[in-house]
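Chemist: Dock chain to chain to rebuild the complex, using the hints, since each chain is given by itself in its own frame.
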Amino acid sequence: MSSTARERSGRLSAAVLGAGLIGVDLAAKIMRSRSLDCRLVVARHDDTPGLRHAAGLGLPTATGGVQSLVDAPDPFDVVFDATNAVSHAENAERLKPLGTMLIDLTPSKVGRMVVPTVNGTDALNHGDINMISCGGQASIPILHAIARQHRIDYVEVVTTAASPSVGRSTRLNLDEYIETTQDAVRDFTGVKDVKAILNVSPARPPATFRVAMSVLGEELTAESVRAVVATATEPVRAFASGFEVTACVVDDGKALIAIEVTSSGDRIPRYAGNLDIINSAALHVAELYAATHLSTADAVMS
Amino acid sequence: MIRTADGESGERKPVLVHDPTLRDGHHAVRHNLGPDQLRRYAAAADAAGIPVVEVGHGNGLGASSLQAGQARLDDDEMLSVVREALPNSRMGVFMIPGWGTVQDLKKAIAHGVDVVRIGTHCTEGDLAERHLGFLRDAGVEAHGVLLMSHMASPQRLAEECARLVEYGASGVGILDSSGHFLPADVAERIGAICHTVGVPVMFHGHNNLGMAVANSVAAVEAGAGIVDACARGFGAGAGNTQLEVLVPVLERMGFATGIDLYGLLDAADIAGRELMPAPPTIDSVGVVSGLSGVFSGFKNRVLDISRREGIDPRDVFFELGERQAVAGQEDLIVDVALALREEAHSGRPAGESRPSDQV
Numbered sequence: 001m002s003s004t005a006r007e008r009s010g011r012l013s014a015a016v017l018g019a020g021l022i023g024v025d026l027a028a029k030i031m032r033s034r035s036l037d038c039r040l041v042v043a044r045h046d047d048t049p050g051l052r053h054a055a056g057l058g059l060p061t062a063t064g065g066v067q068s069l070v071d072a073p074d075p076f077d078v079v080f081d082a083t084n085a086v087s088h089a090e091n092a093e094r095l096k097p098l099g100t101m102l103i104d105l106t107p108s109k110v111g112r113m114v115v116p117t118v119n120g121t122d123a124l125n126h127g128d129i130n131m132i133s134c135g136g137q138a139s140i141p142i143l144h145a146i147a148r149q150h151r152i153d154y155v156e157v158v159t160t161a162a163s164p165s166v167g168r169s170t171r172l173n174l175d176e177y178i179e180t181t182q183d184a185v186r187d188f189t190g191v192k193d194v195k196a197i198l199n200v201s202p203a204r205p206p207a208t209f210r211v212a213m214s215v216l217g218e219e220l221t222a223e224s225v226r227a228v229v230a231t232a233t234e235p236v237r238a239f240a241s242g243f244e245v246t247a248c249v250v251d252d253g254k255a256l257i258a259i260e261v262t263s264s265g266d267r268i269p270r271y272a273g274n275l276d277i278i279n280s281a282a283l284h285v286a287e288l289y290a291a292t293h294l295s296t297a298d299a300v301m302s
Numbered sequence: 303m304i305r306t307a308d309g310e311s312g313e314r315k316p317v318l319v320h321d322p323t324l325r326d327g328h329h330a331v332r333h334n335l336g337p338d339q340l341r342r343y344a345a346a347a348d349a350a351g352i353p354v355v356e357v358g359h360g361n362g363l364g365a366s367s368l369q370a371g372q373a374r375l376d377d378d379e380m381l382s383v384v385r386e387a388l389p390n391s392r393m394g395v396f397m398i399p400g401w402g403t404v405q406d407l408k409k410a411i412a413h414g415v416d417v418v419r420i421g422t423h424c425t426e427g428d429l430a431e432r433h434l435g436f437l438r439d440a441g442v443e444a445h446g447v448l449l450m451s452h453m454a455s456p457q458r459l460a461e462e463c464a465r466l467v468e469y470g471a472s473g474v475g476i477l478d479s480s481g482h483f484l485p486a487d488v489a490e491r492i493g494a495i496c497h498t499v500g501v502p503v504m505f506h507g508h509n510n511l512g513m514a515v516a517n518s519v520a521a522v523e524a525g526a527g528i529v530d531a532c533a534r535g536f537g538a539g540a541g542n543t544q545l546e547v548l549v550p551v552l553e554r555m556g557f558a559t560g561i562d563l564y565g566l567l568d569a570a571d572i573a574g575r576e577l578m579p580a581p582p583t584i585d586s587v588g589v590v591s592g593l594s595g596v597f598s599g600f601k602n603r604v605l606d607i608s609r610r611e612g613i614d615p616r617d618v619f620f621e622l623g624e625r626q627a628v629a630g631q632e633d634l635i636v637d638v639a640l641a642l643r644e645e646a647h648s649g650r651p652a653g654e655s656r657p658s659d660q661v
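If you read the protein sequences in the order shown, they are chains A and B. Counting in the numbering used here, the first sequence runs from 1 upward without gaps. Counting in the numbering used here, the second sequence runs from 303 upward without gaps.
Keep in mind that the hints were calculated from the coordinates and are not lab data. Be a bit skeptical, because a hint or two may be false.
To be verified - With a straight-line cut-off of 27 Å between C-alpha atoms, the simulated DSS-like cross-links for lysine-lysine are:
1. B:K408 <-> A:K192
2. B:K409 <-> A:K109
3. A:K192 <-> B:K409
4. A:K192 <-> A:K109
5. A:K96 <-> A:K109
6. A:K109 <-> B:K408
7. A:K192 <-> A:K254
To be verified - Cβ pair distances, simulated, as ranges:
8. B:K408 <-> A:A238: 37 to 47 Å
9. B:A440 <-> A:L124: 41 to 51 Å
10. A:Q67 <-> B:G525: 43 to 53 Å
Nothing here was measured: the structure is a model prediction, and the numbers come from that model. All residues carry an ideal CB built from backbone N, CA and C; glycine is no exception.
Pulled out of the complex, with its shape left as it was, chain B reads as follows (with noise of 0.2 Å):
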């Protein structure tokens, strides 16, 4: 018998839930994760009846780098773990053009891949064209999604949306990737989006101002058919929408998810126990991150590097923000940190106070 978050049954509109622990909490374990985890929490999320999990390195395919950090297992081994575990559910990767390429993509579909995201940032869905288009020719389910998304208006988001579709995406939409939107900059962007293109519209949510849920209810009412979210919110910096909250809330308000609560809660507690030291928390830096609309997932170099250089870490998010760094750039970190430490020798008094509304 499948238990429903909710009892009700009837005409309930559905909602595609899909989880990233695998891939995107890799960035808060140092893309460390080894085969028993991957393997675990695959099985238990494909027994809840989760319809996809993504699995691979934080930033994609062939992402496993010193900018990003070096996976413990390459690409292949992720993949074919998680595909062994997924008798059912279906198995999704992400690649960025630029940090993976089309070998990376034969690669994925000879593990037998369901479904591939590529992602680009904001105002760049051209750079997922060729991309996009070796997908449908090789008859992959391909969607196309946009990083950083805070960075460009709800009008620009549903044009660049409309190309991606163009160009062979099946699914379009948006990663707040600092956890920066409040609800009502959600519900603009995808209705602009919902409006514009006829195809899926997808939201992936991080939990900097703790709106990652609030976010994604906002997604859907606003037309999404498609949310991510992460067992326990395992995720870059301060977490991703949380999975087992967000899927009981979304069958609440009366939308169908497909998903075995008790096999739901069941998944987030291995992934409690087995994948994570501690769930990620909204911490000082988690905050500032959010605010100064910087990637979530730079926040373990932004944390080393301030303690290595000396530095106030919350100073070098708030610089990184003013240089509006993209995901990809953790190499501005040193030079901001070393501009900062400068300034603070030479007498400037580092950390000045900031009114908390800013950005």
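In isolation and in its complexed conformation, chain A is listed as follows (with noise of 0.2 Å):
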């Protein structure tokens, strides 16, 4: 890790490597944080459109994938891999040998799976953070305080994300969207019979991200599923406060549990909850790290 760099502001320096919709509006978020400091965007090619938009935010760009990472004079802190999941094993191999600490989010499977209300310490020990998916993100907070307090069957996980949210390199890796989710949701849950499905909606407006969750269980009843999911969404609304419930039902045996994610972002919409639950989640993460990393390089320099 390059200690000059945070000598130089008194935060980690973080680049956002890909510019597409999550990578922009991840940089954007970066800005306002207090213990982060986005130097770089990266995008592969200089027609980005993102690139120009990362730039208009006043945000240093570059060209050249992972290369230009490489090529830094100082190692980032921190990178954010927003590019997809088949290029983040090889962004990993070249930038793990930095120090650099990674926050992969696309669903690549490669690092390990964080959801900041469930796992978020584990960012302190691993190099390379896998951020799941949105659905992942929204979901398992909750599935994961309902298997804590009762004996599941079976889960299913249905998003439905507004098609002008969702980029291409997501249109591209739709099964590794599902086989990751699937496999975290199994993973934080203990639930084997796990089932993820993902939508693209055409509709104008664009819809709100949504992320309906069915689980059965025979011990399931409506107060206590209730109460569950009530205290497991607060922590999520303390980063993403555009996170509500908006139906918790339970039939006989069966939970249906919805939650809709508004962004309380200013620079993507309002319906694009999928990016923001992300990046917000994303971000977390890295401050936790960057709070343990700053305060030990505190107490070292006093």
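Modeler: This is the structure:
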């Protein structure tokens, strides 16, 4: 890790790799962080519209993909990978030797899967963190809480995202989205029988990002599920204020919990809660990491 | 001897009839067909010379779920039973990216599938890019089809179809998932697509407004080379285009289907007797589903939830239409039902009267 970078700003240096819908929103969010300094947004080619958008926000930009991060004079403390599931493994291989903390927003399954309200502290001991998927970040806090209190036989997660909020890499990575979301739900809940589904809605005006969870288990009651859902929701709302439960119905051993997420950011439309939830979670994890490393650095300097 | 639906012969333009009875029909019976039912209908369809018999869960490969209904048989069993019963006809499957994956396609290929349709919502053709590319590389005939096509303009549908061809589709087309179209709507859209692409164009109708056969006729007149139809109209909600009606109509119009009339009628009789408690009918919610532009497959779930919450299922359909719910968003039904129940309890009159030409 580059201590010189920290000394210059009192913040960890950060870069965003990938200038699609996720990358640009993430860069805008990092600009508001007190512990991270967004020093570079990188795309593969200079005709990427998102790169011009990032430049318009006043951020330094570069082309050439991961190579331009490897070639940077000071290695970055934190790199957010917002490219695609296939590219992440190679990006990680190039960047890890530099001591860079990687936070992967693609459904690559390469790094340690983290949901901030469940295992956020895992970010402190793993160098490559995977943020699963938007549907995973929206559902796992609730599913994990329900599974801790009840015996569950089956879980289903149906995500609906608005067409304009789903960028090209996500469109090419639907299979990875499904597989990674299913694996993560299995890991975090211990339930073996899990199904994930993704709808991309053509509605105009666009539909608000929504995740519907169906849970089967004999012990489920309206009181117990509602209480658990309410408790699990609050810590998520602390970093993603547009996260809301819109339905919670329990009927004959089957619970249906629907949540919707509106974007609280100023640069993406309100309906694009899918971008907001995964980016807010990624930033939250990075800030946890930064808090530890900056306080260690302070201690060393004092 | 082949008894065709029309005695005349000569230069007749072929139309390929694609039969999704054992796939779309599943919506009408909660995806509950058993192996004997699949086998007997498939064998009868094969004997009649129906060129393509499509099988699967109503939403296609990998779609068995609480959201869309859990199927009695898994995909493997459905495909192996139907494959064996089709010595001559080609076997088709359907898959929606986001519901099924390349893993499901590999399984279907292992079962000897001949034609795979990849479906996306009307403006989302690029979701099929990877799956169509995979099928092209695997040497399997792949078509790209657009669901909920009433939600997009003719020009937009034509552009999406052109992209599907670029990705590797050797056939493209549109599904009237809600049974919303009138014949002129279909003619305009199929015409625009045929004008834009050089591959066969398909149309898949639903009968919510009693237009399925008329819409299919409009489609072939506008240039469609593939039409979907189901025995007894067995399909989601108000049902699909009725196969044993459409085929003789096409033959009388001078198109060649290659299907034997008595064989076709026998297959339809078997379907009527063995696949369904009663043939689909255009009931009140069927009409409302078509008017509101909501996927017909929502019907059973809307009726279940409306009964539980004590509300009018017609109001649920119109509200789902307002929200532009698309196939796959069955989870919205609960939210809509709860909101309508709240409104009813807070004294707002439910089911305000609506002009019958709305939407």
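Chemist: Where does the structure disagree with the numbered hints, that is, which hint numbers, in rising order?
Modeler: Violated hints: none at all, because every hint is consistent with the structure.
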